[in-house]
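Keeping their order, the protein sequence lines are chains A and B.
Position in the first sequence (first residue = 1) + 594 = the working numbering.
Position in the second sequence (first residue = 1) + 594 = the working numbering.
Please note that the accuracy of each hint is not assured.
Stated by the list, open to error - Under the rule of at most 20 Å between Cα atoms (straight-line distance), these lysine to any residue pairs were calculated in the SDA-like manner: (1) A:LYS742 <-> B:PRO738; (2) A:LYS742 <-> B:LEU805; (3) B:LYS795 <-> B:LEU805; (4) A:LYS753 <-> B:GLY717; (5) A:LYS742 <-> B:LYS795; (6) A:LYS669 <-> B:ASN664; (7) B:LYS669 <-> A:ASN664; (8) B:LYS753 <-> A:GLN750; (9) B:LYS742 <-> A:SER633; (10) A:LYS761 <-> B:GLU746; (11) B:LYS669 <-> A:LYS824; (12) B:LYS753 <-> A:ILE681; (13) A:LYS669 <-> B:PRO738; (14) B:LYS753 <-> A:LYS753; (15) B:LYS753 <-> A:VAL662; (16) B:LYS742 <-> A:VAL759; (17) A:LYS824 <-> A:ASP729; (18) B:LYS753 <-> A:GLY732; (19) B:LYS768 <-> B:SER731; (20) A:LYS753 <-> B:ARG737; (21) B:LYS742 <-> A:GLY732; (22) A:LYS669 <-> B:ARG659; (23) B:LYS669 <-> A:SER633; (24) B:LYS742 <-> A:GLN750; (25) B:LYS753 <-> A:VAL759; (26) A:LYS669 <-> B:ILE716; (27) B:LYS753 <-> A:ASN664; (28) A:LYS742 <-> B:ARG659; (29) B:LYS753 <-> A:VAL728; (30) B:LYS753 <-> A:SER731; (31) B:LYS742 <-> A:SER756; (32) A:LYS753 <-> B:PRO694; (33) A:LYS753 <-> B:ASP687; (34) B:LYS669 <-> A:LEU661; (35) A:LYS742 <-> B:GLU739; (36) A:LYS742 <-> B:ALA811; (37) A:LYS669 <-> B:SER648.
Note that these hints are calculated values from the structure, not bench results.
There are 2 protein chains.
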Amino acid sequence: MIDTEKKPLGIALVSGGMDSLVMASFCRTESELALLHISYGQLTQARELACFLSIADFLEVPASRRLVANIEYLKTIGGSALTDKSITVPKADFNRADIPATYVPFRNAHLVAIAVSWAEAIGAKNIYIGAMAVDSSGYPDCRPEFYKAMNETIRQGTKDGSGIVVKAPFLQLKKKDLVLLGISHGVPFEHTWSCYRDGKKACGVCDSCALRLRAFAEADATDPLPYEAKPDYCWTKTS
Amino acid sequence: MIDTEKKPLGIALVSGGMDSLVMASFCRTESELALLHISYGQLTQARELACFLSIADFLEVPASRRLVANIEYLKTIGGSALTDKSITVPKADFNRADIPATYVPFRNAHLVAIAVSWAEAIGAKNIYIGAMAVDSSGYPDCRPEFYKAMNETIRQGTKDGSGIVVKAPFLQLKKKDLVLLGISHGVPFEHTWSCYRDGKKACGVCDSCALRLRAFAEADATDPLPYEAKPDYCWTKTS
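Model the full structure from these sequences, guided by the hints.
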């Protein structure tokens with residue numbers, strides 16, 4: 595058990611992207627944070643881990659409250675452009691109806707399960723994940739119903755009275771508002787990586803780059819990351 | 595995608611213990627099996643992996659349909675006598691009301707999540723787990739309510755129409771009947787390991803040994819494994 599004098603202990607899943615950075619910064623008011631980062635064999639694994647460590651420093655979370663877990667079996671399983679180099683990372687298409695090839699099957703269930711095990715071992719109650727359902731790629735494990743069902747699974751699958759709950763506070767937030775929230779918290783956007791590709795600069799044209807660039811544009815703010823390209827369509831507002 | 599000519603593809607979680615051996619043998623009539631084994635940093639990890647490979651040979655499942663995943667982060671997380679050597683494996687106590695120290699926090703959620711990801715990648719529908727709620731140690735992630743909630747989580751967290759379902763066909767089976775079923779299927783009990791300890795022989799006194807020995811005794815059958823001890827209390831029938 596980790597003792598906390600002030601606030602209850604909570605676990606924040608921090609990928610190294612901007613969503614989880616803002617979320618972890620936001621949740622510090624509610625919980626004393628422990629930070630969980632998970633490498634799953636994705637193309638940008640090393641870069642995201644480096645971002646996680648920078649973010650953990652920014653959040654002033656000591657090493658004893660940081661956990662890096664490796665689930666590279668997701669690369670063996672494949673089925674996603676993020677974990678299988680033979681599948682092309684598609685260009686962003688805000689009008690796409692189907693789920694893009696970057697979907698990693700059931701990935702977020704693994705992330706939450708690891709957080710729950712850690713929470714039960716150290717006595718944490720709240721688990722925070724930066725999943726967003728609005729301005730997203732439409733992955734099934736990012737929708738509100740998934741988190742509702744997961745909470746029942748946690749309640750039934752942990753010791754009675756564990757009180758562990760997964761919270762996704764930004765599920766219904768527009769990404770533009772996430773950017774504005776991050777700016778108000780003074781978060782280091784320069785220490786994040788959202789691009790699905792592993793280039794020297796962010797590609798600017800994958801789903802993740804496009805959603806990020808559009809959010810900064812809508813927030814009338816400047817993304818500090820360098821980009822290979824900043825296509826006009828990133829700024830096209832959709833309903 | 596793996597093509598199957600005869601039956602739909604199903605994934606059986608095979609730990610190397612006798613429950614999953616009998617279950618996988620039983621489910622072959624319903625599905626063409628792919629086998630998933632998971633090492634989680636438990637004391638008996640190497641031995642259980644060897645049993646898995648023997649069982650996979652017995653079930654005649656080709657290498658292309660076997661997956662071994664490693665989640666040793668559960669050892670880093672600890673909180674269980676199975677993954678933390680500083681916590682003593684307790685002796686069996688059939689009258690215990692609390693959850694024993696061998697409980698690995700939320701472990702089965704990880705096992706199922708890995709199976710679901712693999713199922714979504716290869717197009718399998720049924721996932722089989724040998725969890726038993728009767729004649730068990732009372733772990734929360736072995737109770738029926740957990741699997742019911744997990745199925746809703748799978749439905750919400752995978753692509754619409756994935757049709758993936760986790761089945762725990764032996765949840766309500768008495769362990770004695772599992773032994774009888776295994777005998778009727780001619781399964782190689784000698785290629786299984788249930789003991790929580792990693793001795794040359796099974797200890798005979800941990801929860802897992804005691805439940806197994808009692809089941810064989812109640813089935814009027816002989817367990818082929820060598821034991822350090824076979825305490826009388828293993829044969830005490832409880833209601």
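Results of checking the hints against the structure:
Under the criterion of a C-alpha separation no larger than 20 Å, the hint pairing LYS742 of chain A with PRO738 of chain B is consistent with the structure, at around 18 Å. Note on LYS742 of chain A and LEU805 of chain B: the hinted pairing is violated, with a Cα-Cα distance of about 35 Å set against a maximum of 20 Å. The hinted pair formed by LYS795 of chain B and LEU805 of chain B meets the criterion: a straight-line CA distance of about 16 Å does not exceed 20 Å. Between LYS753 of chain A and GLY717 of chain B the CA atoms are separated by roughly 33 Å; this puts the pair beyond 20 Å, and the hint is violated.
This hinted pair does not check out: LYS742 of chain A and LYS795 of chain B have alpha carbons roughly 45 Å apart, beyond 20 Å. Restraint check for LYS669 of chain A and ASN664 of chain B: the C-alpha separation of about 12 Å stays at or below 20 Å, so the hint holds. For the hint pairing LYS669 of chain B with ASN664 of chain A, the CA-to-CA distance comes to about 12 Å; that is within 20 Å, so the pair holds. For the suggested pair LYS753 of chain B and GLN750 of chain A, the alpha carbons sit about 24 Å apart, so the restraint of at most 20 Å is broken.
Proximity of LYS742 of chain B to SER633 of chain A is assessed by CA-CA distance (about 29 Å); at most 20 Å being required, the pair is judged violated. Restraint check for LYS761 of chain A and GLU746 of chain B: satisfied, since their Cα atoms lie roughly 18 Å apart, inside the 20 Å limit. Annotation: proposed proximity of LYS669 of chain B to LYS824 of chain A is violated, straight-line Cα distance about 44 Å (limit 20 Å). As the CA atoms of LYS753 of chain B and ILE681 of chain A are separated by approximately 18 Å, the hinted pair is consistent with the 20 Å bound.
A C-alpha spacing of about 31 Å is found between LYS669 of chain A and PRO738 of chain B, which places the hinted pair above 20 Å, so the restraint is violated. Between LYS753 of chain B and LYS753 of chain A the alpha-carbon distance is near 30 Å, which puts this suggested pair outside the 20 Å criterion. For a cut-off of 20 Å, the pair hint linking LYS753 of chain B to VAL662 of chain A is broken: about 28 Å separates their Cα positions. With a C-alpha separation of about 18 Å, the suggested pair LYS742 of chain B and VAL759 of chain A falls inside the 20 Å cut-off, and the hint holds.
Note on LYS824 of chain A and ASP729 of chain A: the hinted pairing holds, with a Cα-Cα distance of about 18 Å set against a maximum of 20 Å. Of the pairs offered as hints, the one joining LYS753 of chain B and GLY732 of chain A holds, with about 10 Å between alpha carbons and a cut-off of 20 Å not exceeded. Annotation: proposed proximity of LYS768 of chain B to SER731 of chain B holds, straight-line Cα distance about 13 Å (limit 20 Å). Between the alpha carbons of LYS753 of chain A and ARG737 of chain B the distance comes to roughly 11 Å, so the proposed pair stays at or under 20 Å and holds.
Between LYS742 of chain B and GLY732 of chain A the alpha-carbon distance is near 25 Å, which puts this suggested pair outside the 20 Å criterion. For the proposed pair LYS669 of chain A and ARG659 of chain B, the alpha carbon gap of about 16 Å is at most 20 Å, so the pair holds. Restraint check for LYS669 of chain B and SER633 of chain A: the C-alpha separation of about 17 Å stays at or below 20 Å, so the hint holds. Of the supplied pair hints, the one linking LYS742 of chain B and GLN750 of chain A holds, its CA atoms being roughly 9 Å apart against a limit of 20 Å.
The hinted pair formed by LYS753 of chain B and VAL759 of chain A fails the criterion: a straight-line CA distance of about 24 Å is larger than 20 Å. A distance of roughly 13 Å separates the Cα atoms of LYS669 of chain A and ILE716 of chain B; the hinted pair therefore holds under the 20 Å criterion. This hinted pair does not check out: LYS753 of chain B and ASN664 of chain A have alpha carbons roughly 24 Å apart, beyond 20 Å. With a C-alpha separation of about 33 Å, the suggested pair LYS742 of chain A and ARG659 of chain B falls outside the 20 Å cut-off, and the hint is violated.
Taking the CA atoms of LYS753 of chain B and VAL728 of chain A, the gap is about 17 Å. The hint holds against a cut of 20 Å. Between LYS753 of chain B and SER731 of chain A the CA atoms are separated by roughly 13 Å; this keeps the pair inside 20 Å, and the hint holds. For the hint pairing LYS742 of chain B with SER756 of chain A, the CA-to-CA distance comes to about 19 Å; that is within 20 Å, so the pair holds. Distance check on the hinted pair: LYS753 of chain A and PRO694 of chain B sit about 11 Å apart at the alpha-carbon level, within 20 Å; holds.
A C-alpha spacing of about 19 Å is found between LYS753 of chain A and ASP687 of chain B, which places the hinted pair at or below 20 Å, so the restraint holds. Between LYS669 of chain B and LEU661 of chain A the CA atoms are separated by roughly 12 Å; this keeps the pair inside 20 Å, and the hint holds. Taking the CA atoms of LYS742 of chain A and GLU739 of chain B, the gap is about 15 Å. The hint holds against a cut of 20 Å. A threshold of 20 Å between alpha carbons decides the hint, and for LYS742 of chain A with ALA811 of chain B the separation of about 44 Å lies outside it, so the pair is violated.
Of the pairs offered as hints, the one joining LYS669 of chain A and SER648 of chain B is violated, with about 26 Å between alpha carbons and a cut-off of 20 Å exceeded.
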